[in-house]
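**Student:** Listed below are the residues making up each chain.
4 protein chains.
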Amino acid sequence: MYQTLKQRVLDANLLLPHFGLVTFTWGNASEIDRQRGVLAIKPSGVEYDQMKAEDIVVLDLDGKVIEGDLNPSSDTPTHLELYRRFPALGGIVHTHSRHATIWAQAGKDLPALGTTHADYFYGDIPCTRPLSDNEINQHYEENSGRVIEETFNRRGIDPVAVPGVLLYGHAPFTWGKDAQEAVHNAVVLEEVAAMALATRSLNTHIHLQHALSDKHYQRKHGNNAYYGQR
Amino acid sequence: MYQTLKQRVLDANLLLPHFGLVTFTWGNASEIDRQRGVLAIKPSGVEYDQMKAEDIVVLDLDGKVIEGDLNPSSDTPTHLELYRRFPALGGIVHTHSRHATIWAQAGKDLPALGTTHADYFYGDIPCTRPLSDNEINQHYEENSGRVIEETFNRRGIDPVAVPGVLLYGHAPFTWGKDAQEAVHNAVVLEEVAAMALATRSLNTHIHLQHALSDKHYQRKHGNNAYYGQR
Amino acid sequence: MYQTLKQRVLDANLLLPHFGLVTFTWGNASEIDRQRGVLAIKPSGVEYDQMKAEDIVVLDLDGKVIEGDLNPSSDTPTHLELYRRFPALGGIVHTHSRHATIWAQAGKDLPALGTTHADYFYGDIPCTRPLSDNEINQHYEENSGRVIEETFNRRGIDPVAVPGVLLYGHAPFTWGKDAQEAVHNAVVLEEVAAMALATRSLNTHIHLQHALSDKHYQRKHGNNAYYGQR
Amino acid sequence: MYQTLKQRVLDANLLLPHFGLVTFTWGNASEIDRQRGVLAIKPSGVEYDQMKAEDIVVLDLDGKVIEGDLNPSSDTPTHLELYRRFPALGGIVHTHSRHATIWAQAGKDLPALGTTHADYFYGDIPCTRPLSDNEINQHYEENSGRVIEETFNRRGIDPVAVPGVLLYGHAPFTWGKDAQEAVHNAVVLEEVAAMALATRSLNTHIHLQHALSDKHYQRKHGNNAYYGQR
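Protein sequence lines, in the order shown, are assigned to chains A, B, C and D. Mapping of the first sequence onto the UniProt record's numbering: position 225 corresponds to residue 225, and the numbering continues sequentially without gaps. Mapping of the second sequence onto the UniProt record's numbering: position 140 corresponds to residue 140, and the numbering continues sequentially without gaps. Mapping of the third sequence onto the UniProt record's numbering: position 75 corresponds to residue 75, and the numbering continues sequentially without gaps. Mapping of the fourth sequence onto the UniProt record's numbering: position 211 corresponds to residue 211, and the numbering continues sequentially without gaps.
Bear in mind the hints are in silico, worked out from the structure with no lab data behind them. Be a bit skeptical, because a hint or two may be false.
Straight-line alpha carbon distances no greater than 25 Å define the calculated DMTMM-like cross-link-like pairs of lysine to aspartate or glutamate that follow [to be verified]:
hint, chain 1, residue 1, chain 2, residue 2
1, D, K215, B, E135
2, C, K220, D, D119
3, A, K220, C, E81
4, B, K108, D, E47
5, D, K215, B, D124
6, B, K215, A, D49
7, A, K220, C, D158
8, C, K215, C, D158
9, C, K215, D, E47
10, C, K215, C, D133
11, A, K220, C, E135
12, C, K108, C, E81
13, B, K220, A, D133
14, B, K177, A, D133
15, B, K220, A, D158
16, B, K220, A, E81
Assemble the whole structure, with the sequences as input and the hints as a guide.
**Tutor:** In structure tokens:
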């Protein structure tokens with residue numbers, strides 16, 4: 001019944017090892033069909049090279065499995081929270097890609113240091129606050145989604161303009177209009193995280209000037225964008 | 001006579017170059033069959049791409065070769081010591097994988113800095129004390145096994161919950177219920193070692209909060225684990 | 001009409017992913033035919049693995065498209081400025097290769113630290129000054145070319161002897177007698193940028209002695225060069 | 001006439017890109033036949049993927065070409081000096097492999113920090129002093145060989161026990177009983193250089209204890225060696 005959606009989600013998940021973003025099964029991609037009120041996501045702990053479209057799990061927005069014989073990713077409640085709280089999101093990706101995870105483990109925002117960053121992320125990529133022990137012990141995965149929304153809300157960041165986050169002590173989430181775009185942003189995040197790490201070792205205080213951030217983001221994503229074949 | 005065991009040990013050894021954990025012949029995997037009282041291990045100094053199941057050496061637990069024409073790995077006495085002292089171990093892997101070796105050379109525990117670590121290792125991964133000159137000059141390989149056990153014993157670390165160690169000035173050992181799981185843990189150790197190295201360059205004092213370590217380890221390995229397809 | 005030129009430019013562009021210099025579509029190569037007064041360049045935002053010779057865009061030196069149905073790279077005005085201001089240039093490459101970009105983001109010249117650098121670049125590779133907000137907001141891409149020329153002019157650097165630059169906050173440009181040589185220099189720049197980054201972590205003040213820089217550059221590029229098959 | 005020797009040298013040269021030690025043509029391997037008084041070496045500036053056995057150049061020990069139509073490597077005089085001054089050498093390799101070159105550019109000895117190093121190199125790997133301007137301007141390549149011998153001689157290092165060196169501001173040379181072993185040592189040097197670089201970032205003063213260096217070197221290369229299949 002959800003064959004197309006499941007195939008799309010499978011394809012997006014298979015891009016994660018293709019782009020070198022995952023070790024073993026450490027990552028997942030999902031996509032939402034808001035009209036039908038369903039979400040499709042990778043099954044938990046299944047090897048990428050054995051995954052088939054029928055293994056993809058379809059759930060309603062309360063988290064009830066509608067189609068699929070396997071357990072959905074243990075991170076499913078985080079995806080659900082993000083889809084509920086950020087209505088613009090169509091696809092979400094979670095990985096433990098090395099350099100983005102390093103920034104999450106360091107508990108630091110990933111600063112915008114160059115135009116590579118500005119081409120996709122309009123400003124720094126925030127790292128959430130740590131979850132409290134209570135938030136970890138009860139409803140951990142839901143709370144992971146909530147602290148992401150809290151971070152964007154408190155700082156006034158638009159999740160469409162900054163399509164990713166670092167979950168404190170954990171790893172990155174990225175998103176987009178669909179699962180493919182979320183994967184794309186996960187690749188970009190990993191690359192700019194690697195660049196920023198070494199940039200900081202050469203220059204501890206530099207930051208991208210606002211005009212350059214604005215120019216690059218707008219020439220690609222603004223109303224008068226002139227990048228690509230439009 | 002030990003065809004299945006030898007094939008399993010060959011397969012595990014071949015995964016080491018597959019996962020990029022070894023240069024030349026710098027690594028070895030073994031597996032124990034405790035019921036039959038035998039151990040199978042890689043031969044010493046044989047190239048991975050020429051290794052066949054019949055090259056795998058089978059020994060009894062006193063280190064006597066039972067089957068096989070080649071010399072066993074020079075690290076065999078270390079494996080034997082670990083199997084004797086840690087009854088829960090079914091497989092052991094030794095590599096000189098780059099980032100784990102860096103921590104061993106630095107003589108430092110690998111700190112738990114993120115959930116990637118916590119998903120597999122419950123707390124810091126210890127680095128042993130240096131061996132004394134006497135311990136090096138006499139029964140070096142046995143003493144390498146003994147100092148690992150001493151490290152876990154003195155610090156009260158459960159080798160099942162922390163399935164790996166850094167041998168001071170040398171390189172890592174990992175283990176598991178069988179050789180495949182030991183390889184799996186060697187891959188994880190290498191990845192978290194790389195992440196921790198760079199995390200420390202961004203943040204010199206951060207450490208994973210206990211509740212998060214607990215949550216991630218337990219959701220994957222605890223009695224109420226809900227990760228994967230159980 | 002420009003079939004040979006377009007094929008040459010396609011080939012040069014395809015070398016960028018081959019040498020690991022680009023992620024997605026983040027790079028472009030161009031070549032000028034000064035006799036015919038035309039430039040050929042990669043189309044904007046087209047995937048490398050789908051690019052064909054007929055997708056390459058041919059423009060006159062005022063930037064008017066002569067042949068091709070696609071939009072040229074958004075960086076085309078920068079290429080045009082460089083060809084106009086540096087008459088010796090036959091090919092230009094722009095990438096966001098990781099280590100060269102790190103130096104550009106750090107806003108620092110890439111110092112000549114070894115003979116690998118000296119074999120291709122005669123002295124430090126300059127990083128431009130930041131563009132002013134006005135220069136960013138109006139004619140950004142042209143101004144990127146102008147600030148490169150200003151950098152070489154003010155410091156008295158010969159663009160033939162130093163065939164590359166770091167654009168402040170952005171990424172590198174390299175060039176050569178044709179697009180192939182510009183690609184070659186982009187590979188070298190990326191490698192020496194990676195080496196210099198780590199060299200600086202071991203030794204904060206060292207610089208290549210002038211005599212060694214001179215010797216290596218001249219034995220390869222001077223009048224009495226004796227490197228290679230001449 | 002020297003077909004076997006040329007094939008051996010070709011094979012050794014082709015291992016350099018295979019092991020990721022060279023970019024473009026930045027490396028060369030040679031082998032000496034001391035009985036016949038000849039040396040075979042890679043031609044200068046020829047691409048590895050087009051090199052054939054007949055391209056390998058054979059010279060006598062005065063540097064006169066005996067067989068081959070191409071120019072020998074511009075580093076040939078350095079190889080010749082090393083063969084003359086170190087009678088135990090049968091093969092020599094020069095590369096600009098990234099991490100070994102980083103140490104050479106930093107002008108620092110590569111310290112023995114772990115058993116990976118000790119398995120092949122008995123003590124620190126020296127970096128030469130800088131050449132004087134005169135030594136660079138006159139007979140540069142010969143002087144590169146001389147300063148290597150001077151380094152080993154003054155410090156009392158046995159080139160058989162430490163089969164490699166860092167040429168100040170330039171890059172590494174390694175050697176062995178034949179070209180294949182020289183390549184093998186070049187791979188090891190690159191790996192231990194990478195490990196040492198990061199080890200130093202975690203621990204600025206640690207050094208491998210002498211007993212461990214001795215144990216590992218002797219168990220592999222000593223009279224009572226018990227590593228491998230002897």
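**Student:** If a hint holds in the structure, say so; if it does not, say that too.
**Tutor:** Consistency of the hints with the structure:
no. : hint              : in the structure
1   : K215/D <-> E135/B : holds (11 Å)
2   : K220/C <-> D119/D : violated (38 Å)
3   : K220/A <-> E81/C  : holds (22 Å)
4   : K108/B <-> E47/D  : violated (44 Å)
5   : K215/D <-> D124/B : violated (29 Å)
6   : K215/B <-> D49/A  : violated (28 Å)
7   : K220/A <-> D158/C : violated (34 Å)
8   : K215/C <-> D158/C : holds (18 Å)
9   : K215/C <-> E47/D  : holds (23 Å)
10  : K215/C <-> D133/C : violated (42 Å)
11  : K220/A <-> E135/C : holds (18 Å)
12  : K108/C <-> E81/C  : holds (23 Å)
13  : K220/B <-> D133/A : holds (18 Å)
14  : K177/B <-> D133/A : violated (31 Å)
15  : K220/B <-> D158/A : violated (34 Å)
16  : K220/B <-> E81/A  : holds (22 Å)
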